[in-house]
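K.L.:
Read off the chains here:
There are 2 protein chains.
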Amino acid sequence: MSARVLIVDDLFPNVKLLETKLGLEYFDTIAAMNGPDAIAICEKGLCDLVLLDVMMPGMDGFEVCRYLKNNPVTAHIPVVMVTALDQPSDRLRGLDAGADDFLTKPVDDTALFSRVRSLVRLKAVTDELRQRALASREFGIGDPLALATAETGLDARILLIEDRPGSAERMAGALRQHHAVTIEPDPQAALRLATEGGFDLALVSLDLAGFDGLRLCSQLRSQDATRAMPLIMVAEEHDRARVVRGLDFGVHDFLMRPVDRNELMARVRTQVKRKRFTDALRGAMQASLQLAVTDALTGLHNRRYLDNHLGALFADEAARRPGLAALILDIDRFKAINDSYGHEAGDEVLRTFAERVRQDTRPVDIVARYGGEEIVVILPEAGLAEARAIAERIREKVEALPFSVQRATRTIPVTVSIGVAIRHPEDAGPGDMLKRADIALYRAKAAGRNRVEQQAA
Amino acid sequence: MSARVLIVDDLFPNVKLLETKLGLEYFDTIAAMNGPDAIAICEKGLCDLVLLDVMMPGMDGFEVCRYLKNNPVTAHIPVVMVTALDQPSDRLRGLDAGADDFLTKPVDDTALFSRVRSLVRLKAVTDELRQRALASREFGIGDPLALATAETGLDARILLIEDRPGSAERMAGALRQHHAVTIEPDPQAALRLATEGGFDLALVSLDLAGFDGLRLCSQLRSQDATRAMPLIMVAEEHDRARVVRGLDFGVHDFLMRPVDRNELMARVRTQVKRKRFTDALRGAMQASLQLAVTDALTGLHNRRYLDNHLGALFADEAARRPGLAALILDIDRFKAINDSYGHEAGDEVLRTFAERVRQDTRPVDIVARYGGEEIVVILPEAGLAEARAIAERIREKVEALPFSVQRATRTIPVTVSIGVAIRHPEDAGPGDMLKRADIALYRAKAAGRNRVEQQAA
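Respectively, the protein sequence lines represent chains R and B. Start counting the first sequence at 1; every next residue gets the next number (this note's numbering). Start counting the second sequence at 1; every next residue gets the next number (this note's numbering).
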């Protein structure tokens with residue numbers, strides 16, 4: 001996938017060299033000669049990936065990386081550090097600063113392109129999620145981006161697919177300081193385990209006896225159940241070609257043998273952080289959608305949900321046989337409660353009321369806040385007698401125990417009137433049934449409140 | 001990106017051949033020997049792409065493709081038709097049936113892999129959106145997937161980047177039957193035009209004089225403003241290598257010269273359909289989020305929105321200076337309206353009430369339904385006198401014109417009482433200001449209703 005790459009280096013010839021290389025591969029480039037300029041470009045959202053020189057006067061590459069990765073606005077942009085020194089200590093400092101990878105000068109073209117392509121592709125999917133999540137922030141529904149920088153990447157469940165006992169034990173030993181590790185030497189068993197779920201990451205040896213570890217990676221990347229789980233390949237130095245192949249089809253990262261313990265920890269942590277960020281974005285979207293059909297005060301479904309689902313229930317021919325009933329519940333003299341004890345007390349009463357109604361209904365029933373102090377309960381598969389019995393039980397429970405308000409400093413006696421109706425064969429829509437329940441409710445109020453009335457036969 | 005490819009062919013050796021080829025490239029495969037089996041696999045969501053043989057006994061490939069593309073559950077799965085006959089008429093039948101592309105036997109490996117990879121990558125991004133949209137359907141908020149099959153792919157705005165006048169006119173002539181076409185021979189001007197937006201698709205010649213059309217494609221794919229716009233390359237037969245390169249970095253499709261008029265129409269249509277589907281999914285997500293902060297009955301913001309944004313306004317130090325005021329508006333004797341005219345009339349009154357309040361407030365004000373018959377208005381940058389004046393204006397407008405209910409067959413006189421308060425420097429939070437407005441509202445009710453009262457000085 002094409003992308004705009006930000007090249008950060010204080011030496012003009014280095015910038016030019018990378019610009020030319022990337023340009024020939026049809027990447028778009030943009031350059032910055034120092035850290036602050038690079039940060040400004042990232043904050044404006046003008047690049048998809050950063051190639052970051054380590055040694056620069058003023059703010060060095062590690063500092064720039066740390067800044068980008070701790071800022072919710074830029075934390076999702078992949079950063080590849082570039083340095084002349086192939087020192088494990090430098091690699092580690094970069095990874096600790098949150099870098100996604102490390103390249104050493106002179107930069108090897110294959111490594112550069114495969115890395116950049118792989119990171120850009122992963123970002124394309126995250127970007128889509130991130131855009132939706134940004135929208136939810138605009139509407140004032142939470143701030144999922146803050147999660148990106150809060151996540152530690154520790155305490156993960158890791159599947160280690162490795163059949164060399166010594167190597168497996170060394171890696172597991174290091175990882176177990178911060179994570180739970182399952183070692184599985186058999187690739188087929190590993191695939192089953194991974195499919196059952198619950199792992200945050202898998203490490204896959206490319207040197208399994210009699211089995212191509214890369215094929216296992218491709219299977220894990222192809223299945224819905226395991227597609228979102230990050231993969232890290234573990235390979236011999238001479239096996240670079242297969243590593244590039246793996247990156248090309250979507251494996252997230254790799255480690256070369258002999259595996260450096262600290263590099264192992266850093267790369268695992270980066271991948272776990274990224275996965276959890278993506279999961280959090282998905283979760284936030286799901287929660288936002290849930291909010292759209294939930295009443296904020298009581299946590300019950302709202303009228304929008306009721307209207308959508310009741311319409312569907314009515315349209316469903318099959319549902320006609322077992323019966324369908326509606327209760328409309330209205331707190332008696334609720335206005336007086338609000339006026340005497342204040343709105344906050346009124347809200348507390350509504351919440352407790354909602355809770356009591358929910359306790360006496362089943363998961364299959366729809367319980368929705370209908371208006372200010374009204375709740376509607378839809379009972380699929382209930383006849384009139386059953387609906388009446390449920391209504392009566394709720395009415396008794398509301399009356400039996402006074403409602404506690406003002407942080408449990410007072411109690412208020414509350415009663416409820418309930419109208420009950422069932423579907424008639426000649427009903428044109430759910431509105432007809434609700435109207436009969438409403439008329440029954442009116443009769444309950446007129447007959448002195450704290451009563452259940454049913455529709456006229 | 002790795003993926004699971006469904007191979008559909010009634011001849012076992014053909015299946016085996018494709019399985020082997022794809023396996024070597026680390027694709028996961030699954031096979032079906034006839035149309036109905038293929039459809040069942042797609043409906044279960046077990047594949048990411050379909051390689052579909054045209055000639056099969058029973059249901060042929062065209063039929064299978066048409067079925068998959070007309071079914072909302074499977075319409076998003078890319079379909080590549082495979083046939084022994086390189087007849088333009090067959091290509092067209094396939095494209096008309098909704099196929100995403102066409103390969104001829106014996107299948108050329110480069111064409112196969114570049115095509116499959118490109119389609120799978122595009123699908124990965126759409127899948128993420130689709131998953132979110134499916135969730136909104138579960139919650140009963142619309143059905144964005146139905147849009148996928150309803151979209152015609154016509155009436156698009158197309159940017160044709162081509163500097164050969166004859167070729168440009170021929171293509172534009174065909175396209176103008178169904179679309180609006182802008183011809184731009186200059187690549188820089190085309191980039192500017194595209195960035196300004198509004199195009200549904202761009203056709204890019206790879207044979208521009210003195211400019212690499214592929215670079216233009218890469219720039220269009222790299223910029224946020226143009227990334228979502230589908231691109232189709234137009235190339236000479238000898239230029240296949242560059243076409244593969246383009247597909248590899250994210251160009252959506254290509255046409256070989258001499259351009260077949262019908263193939264042009266079919267490919268443009270397929271890409272426009274796909275883009276509009278993706279746009280619709282994004283739009284549906286946005287709408288779902290909007291619903292989470294909107295009151296279903298009145299269309300005003302809901303209490304969740306009020307709580308989130310009022311909290312932010314209070315936290316904002318800068319906002320302390322220009323003042324902040326709150327109105328709580330409560331319809332007088334609303335319960336009597338409900339009881340006398342029914343709930344539906346009550347709802348009509350609430351909707352009209354909301355509309356009148358909204359007419360007298362500015363976009364910067366927050367207008368939210370607070371409880372059953374209450375609306376809260378937050379006025380940033382307003383002092384007490386100004387807030388009072390706005391409240392008084394609303395009160396007069398409500399009283400002046402009786403509310404029409406029961407499909408305009410009756411009118412009801414309605415009045416409103418309003419409590420006004422402004423922020424105090426010593427307020428701990430927005431609740432303090434709202435409480436003062438509530439007390440003022442109570443005084444308005446006690447003093448005979450249809451009045452505006454303000455907080456005690």
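Do not take every clue at face value.
Any copy, or any two copies together, can satisfy a pair, since identical chains are not distinguished.
Claimed, not checked - BS3-like mimics (lysine-lysine), calculated; alpha carbons at most 25 angstroms apart, straight line:
{"hint": "1", "residue 1": "Lys445", "residue 2": "Lys435"}
{"hint": "2", "residue 1": "Lys335", "residue 2": "Lys445"}
{"hint": "3", "residue 1": "Lys335", "residue 2": "Lys435"}
{"hint": "4", "residue 1": "Lys123", "residue 2": "Lys69"}
{"hint": "5", "residue 1": "Lys275", "residue 2": "Lys123"}
{"hint": "6", "residue 1": "Lys275", "residue 2": "Lys69"}
{"hint": "7", "residue 1": "Lys397", "residue 2": "Lys69"}
{"hint": "8", "residue 1": "Lys44", "residue 2": "Lys69"}
{"hint": "9", "residue 1": "Lys397", "residue 2": "Lys445"}
Simulated from the structure, these hints should not be mistaken for laboratory data.
K.L.:
Next, verify each hint and record whether it holds.
P.N.:
Tested hints:
{"no.": "1", "hint": "Lys445 - Lys435", "in the structure": "within (15 angstroms within a copy, 31 angstroms between copies)"}
{"no.": "2", "hint": "Lys335 - Lys445", "in the structure": "both (14 angstroms within a copy, 12 angstroms between copies)"}
{"no.": "3", "hint": "Lys335 - Lys435", "in the structure": "both (23 angstroms within a copy, 17 angstroms between copies)"}
{"no.": "4", "hint": "Lys123 - Lys69", "in the structure": "within (15 angstroms within a copy, 29 angstroms between copies)"}
{"no.": "5", "hint": "Lys275 - Lys123", "in the structure": "both (12 angstroms within a copy, 20 angstroms between copies)"}
{"no.": "6", "hint": "Lys275 - Lys69", "in the structure": "within (15 angstroms within a copy, 32 angstroms between copies)"}
{"no.": "7", "hint": "Lys397 - Lys69", "in the structure": "neither (54 angstroms within a copy, 54 angstroms between copies)"}
{"no.": "8", "hint": "Lys44 - Lys69", "in the structure": "within (15 angstroms within a copy, 40 angstroms between copies)"}
{"no.": "9", "hint": "Lys397 - Lys445", "in the structure": "within (18 angstroms within a copy, 33 angstroms between copies)"}
Violated hint for the displayed structure: number 7, the only one.
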